[in-house]
Amino acid sequence: MHSTRRALLRNSSAVALGFAGLRALGGESVAKAQQATASTEPAQPATKSSPARRRLLDLPAGFSCWAVSSFGEMMSDGLRTPSLADGMAAFPGKDGRVILVRNHELTAADQKRYGPFGDKNELLPKFDRSLLYDPGTSNDHASQGGTTTIVYNPATRTTERVFLSLAGTVRNCAGGPTPWGSWITCEETVQMPDEEYAREHGYNFDVPASAAGGPIKPVPLKAMGRFNHEAVAVDPATGIVYQTEDRENGLIYRFIPNTPGELAAGGKLQALRVIDAKSMDTRNWRATTIKPGDSLAVAWEDISDVESPDDDLRYVGFYVQGCARFARGEGMWHGKDGIYFACTSGGSMRRGQIWRYVPSPHEGTTRESTAPGKLELFVEPNDHNICENCDNLTIAPWGDLFVCEDQAGKRNIPEQYLLRITPQGKITRFARNAMNNTELAGATFSPDGKTLFVNLFHPGVTVAITGPWEGEYSL
Numbered sequence: 001m002h003s004t005r006r007a008l009l010r011n012s013s014a015v016a017l018g019f020a021g022l023r024a025l026g027g028e029s030v031a032k033a034q035q036a037t038a039s040t041e042p043a044q045p046a047t048k049s050s051p052a053r054r055r056l057l058d059l060p061a062g063f064s065c066w067a068v069s070s071f072g073e074m075m076s077d078g079l080r081t082p083s084l085a086d087g088m089a090a091f092p093g094k095d096g097r098v099i100l101v102r103n104h105e106l107t108a109a110d111q112k113r114y115g116p117f118g119d120k121n122e123l124l125p126k127f128d129r130s131l132l133y134d135p136g137t138s139n140d141h142a143s144q145g146g147t148t149t150i151v152y153n154p155a156t157r158t159t160e161r162v163f164l165s166l167a168g169t170v171r172n173c174a175g176g177p178t179p180w181g182s183w184i185t186c187e188e189t190v191q192m193p194d195e196e197y198a199r200e201h202g203y204n205f206d207v208p209a210s211a212a213g214g215p216i217k218p219v220p221l222k223a224m225g226r227f228n229h230e231a232v233a234v235d236p237a238t239g240i241v242y243q244t245e246d247r248e249n250g251l252i253y254r255f256i257p258n259t260p261g262e263l264a265a266g267g268k269l270q271a272l273r274v275i276d277a278k279s280m281d282t283r284n285w286r287a288t289t290i291k292p293g294d295s296l297a298v299a300w301e302d303i304s305d306v307e308s309p310d311d312d313l314r315y316v317g318f319y320v321q322g323c324a325r326f327a328r329g330e331g332m333w334h335g336k337d338g339i340y341f342a343c344t345s346g347g348s349m350r351r352g353q354i355w356r357y358v359p360s361p362h363e364g365t366t367r368e369s370t371a372p373g374k375l376e377l378f379v380e381p382n383d384h385n386i387c388e389n390c391d392n393l394t395i396a397p398w399g400d401l402f403v404c405e406d407q408a409g410k411r412n413i414p415e416q417y418l419l420r421i422t423p424q425g426k427i428t429r430f431a432r433n434a435m436n437n438t439e440l441a442g443a444t445f446s447p448d449g450k451t452l453f454v455n456l457f458h459p460g461v462t463v464a465i466t467g468p469w470e471g472e473y474s475l
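In our numbering, the protein residues as written are 1 to 475.
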């Protein structure tokens, strides 16, 4: 840990509105004394965890962790657990089980060594090719991305089943849980057909959180737009789906379905516009346009040509329709007080921003203009000693945000953390990747709030964390 980063985290407090100050952090020797080092070798399906051979995470005193599923293990369906584990959500299963639906940010044959079908796609003949969204242009390869589903028993710390639940997609980065018990997985790409790919990519897919299932028949949700998707959040009160776009000049979208809960039945795509500032640049790169705590009234502009063959929705939205521009919209989650989302490279120092959108009481209706929704900049750290860019995020049942940093392999940053942010904006470190310097991803709480799951992106390990969630704790 860099001494300057430790010192700033120990002694500093944020001055911008929206921060309540930083929690004091002890020195390296204190942190080592308090770190929880319990972990396990990757658990095989239907087995309990075993004694640790390597440390996965460093955690505050009283917390422990163990592996639930790891790259390379044979899954229940006879395929291999894929690598590059990214976005994820947890759902209630039968008799206290937890069902995890997990993304894998894989492409086509160039990363087949990480995919579910083996290093040379030797397992591909065992798979029903009709269940591949993109079977590729030849019979010996296919798109490797998709989702896996984990059935986990927290009472016994046992992984009971792991299986492929969506296959043949590309770069499944993040997504979001739905009120109807599924995971919307998002393709972070606008890949067009070529010598490897047989179909267009850049869509969302709705994957049911089922313990009994297998791979679903992939149905691209085309009305939700074709762009560099990252994450979504569904407001259970309206069924409206909010979406981030992972571009340096991306938009924030919402999708109003024709029938709530039936996304494949179509709907209307719109993009966010600040009412009093046409084509607002929220990134704060050249000048501070908005400060933490500022609240802006917004409207939503209809988006046409949603399949965007030229990948130009963000340009049309900004330059023609006056929509707001955001710096790499990534993680997104629905909370009790609004929709939170991260912009990974936002802020004057490009260290990240977290925003909150509070929907109108008449969201998505003709009365919306009488009481518009509000956009608030929640936090903007502007210091790598506090946050090295924010990516996936989730909200604990008690209201804290848990935010994954995203600077793996960049600017010689050797450490990756999972941050905790209180509703008052106080930022502390909760967990450190002790296995390698890959980013953490897919943070999500079990339905009862007792277990936090998170992924070590590469090679791909899903970790369960338990401990004394009430009170004060940090590294």
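Careful: at least some of the hints might be erroneous.
[Stated by the list, open to error] Computed beta-carbon distance windows for the label pairs:
1) 468 / 193: 49 to 57 Å
2) 122 / 450: 49 to 57 Å
3) 180 / 311: 39 to 47 Å
[Unchecked claim] 27 Å max Cα-Cα, derived DSS-like pairs, lysine-lysine:
4) 94 / 291
5) 217 / 291
6) 268 / 217
7) 336 / 374
8) 374 / 94
To be clear, the hints were calculated from the coordinates, so they are not data collected in a lab.
Even for Gly, the Cβ is constructed at its ideal location relative to N, Cα and C.
Against the structure shown, which of the earlier numbered hints fail to hold, in ascending order? Of the numbered hints given earlier, those the structure breaks are 2, 3, 4, 5, 8, listed in rising order.
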